[in-house]
Every structure is written in structure tokens, then in C-alpha cells.
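Student: Working from the sequences, and respecting the hints, build out all of it.
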Amino acid sequence: MSEQVSIEEKEIVEALLKEVRESAQKEAEKILKEAEEKAKEILKEAEARAEEELKKKIERIKKRVRSEVSSKIALEKMRIRREYLMEKERIIEDLLSEVSEKIRRLIEKDREKYKLCLLNLIIEATLNMQNEKLFVVTTKRDTKLVEEILPEAEKLLLKKYSRKVRLRLAEEKIEALGGVILRDKDSKEIYNNTIEARINRVKTEVLPKILSEIVK
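Everything in the sequence shown is counted per this note's numbering, starting at 3 for the first residue and increasing by one.
It is worth saying that the hints were derived from the structure and are not from the lab.
We treat Cβ as the ideally placed atom computed from N, Cα and C, and that holds for glycine.
Treat the hints with caution; some may be incorrect.
What the hints assert, rightly or not - Restraint ranges, calculated between C-beta atoms of paired labels, are given here:
(1) Tyr-163 / Arg-81: 47 to 55 angstroms
(2) Ile-93 / Leu-160: 41 to 49 angstroms
(3) Val-71 / Ala-50: 26 to 34 angstroms
(4) Met-88 / Lys-135: 45 to 53 angstroms
(5) Glu-126 / Arg-68: 55 to 63 angstroms
(6) Ala-52 / Ser-72: 46 to 54 angstroms
(7) Leu-108 / Tyr-163: 24 to 32 angstroms
(8) Gln-27 / Lys-59: 20 to 28 angstroms
Tutor: Take a look at the structure:
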């Protein structure tokens, strides 16, 4: 009887041990499965973060490259514009130098044409002034020519423009390529119509517009 009880106890113990082993095995498998799933989740999150960081890095590189390219383009545009303006200035200076030389030759070789030119310069200056008594300042070389022109200029102004003006030769002289300066008695009203002044007006007002149209 005692031996039979011992066998039953042994079987019970073995059954319990088996149950414990199976339970432990299942728990171990469960823990392992959860660990694998957690590992997969962590890996997935890590991959997502890595991909996001890569995208950000690529975007930063793109922005830097675009910025560098934009800066280079801007610098190149500035360089081209600077060269264009310098070339335009050179063309203007060359044209005006050529004009000045032609005028100088005209003054030296064809005094009659230059006399007519002086007449027109005096009339133009007078029409741009308010005073009715004006003094004409000219170069020492042109003094005689201007003195001859003044009566004719007064007649033309009266006949063609209904302007009754007294024109007198000023005592002072100017250093200029040619042309005249008109002033009132107190030099409060002055009109510079020398050749240099006219060339400068052309340089600052007319030629840039012409060149802009040409290079469009």
C-alpha cells in the first residue's frame, strides 16, 4: 500500500513538472515573440527616423546648392551689367569725342557755318530766359563773330518769336570749345549754351536712351 502511494505521488510530481515546463515554455515563447515584435517596431521607427533625417539632409544640401548657384548667378549678372555699363560709357565717350573733334574742325575751317551755329545758340538760350536785357559771354576767339551776330539775333527774336530783347556783349571771356553763356545783369539768371554744355546734355539725356534702345 505504501509503495502504491509513492508511485502516485511521483506521477503527480511529474505531471506538475510537465505543466510547469509547458507553462514556462509558452511564457518564454510569448516573451520572445513580444521581444521580436518590439525589435521590429524599434527597427521600423529607426528606419523612419533615418529616412526623415536623410530627407532633411538632402533638402539642406539642395538649399545650400541653390543658394550658392543663385549667388553665383547674381554675381555673374552684376559682372555682366558692370561690363555693359562700362562699354556703354566708352561708346558714349567715343561718340562725344568724335562730335567734339568735328565741331572743332568746323569752327576752324568754316567760320560762316559756325557763325550760324552761334546765332542759333544765342536765340535758343534767350528763349529759355525771362530777362529782356541779357549779356552774351563768349570766348576771346569768337568775340568779333558774336558782336556781329547780336543785332541779327535781336531782329530774329522779335520777328519770329515776338521777343523784344537787348543783347549785349559781356566783358568777361570764357575758356570753351565754342558757344556762348547768356546771363542777366546780376548773373542771377544764367543759361550755359557752350559746346561743352550741349555735349554734356546730350551725354546725360539723349545718348543713354538711344543706346538702351539699340541694345534691347
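Student: State for each hint whether it applies.
Tutor: Each hint tested on the structure:
no.: 1; hint: Tyr-163 / Arg-81: 47 to 55 angstroms; verdict: holds, 51 angstroms
no.: 2; hint: Ile-93 / Leu-160: 41 to 49 angstroms; verdict: holds, 42 angstroms
no.: 3; hint: Val-71 / Ala-50: 26 to 34 angstroms; verdict: holds, 31 angstroms
no.: 4; hint: Met-88 / Lys-135: 45 to 53 angstroms; verdict: holds, 47 angstroms
no.: 5; hint: Glu-126 / Arg-68: 55 to 63 angstroms; verdict: holds, 57 angstroms
no.: 6; hint: Ala-52 / Ser-72: 46 to 54 angstroms; verdict: violated, 30 angstroms
no.: 7; hint: Leu-108 / Tyr-163: 24 to 32 angstroms; verdict: holds, 26 angstroms
no.: 8; hint: Gln-27 / Lys-59: 20 to 28 angstroms; verdict: violated, 47 angstroms
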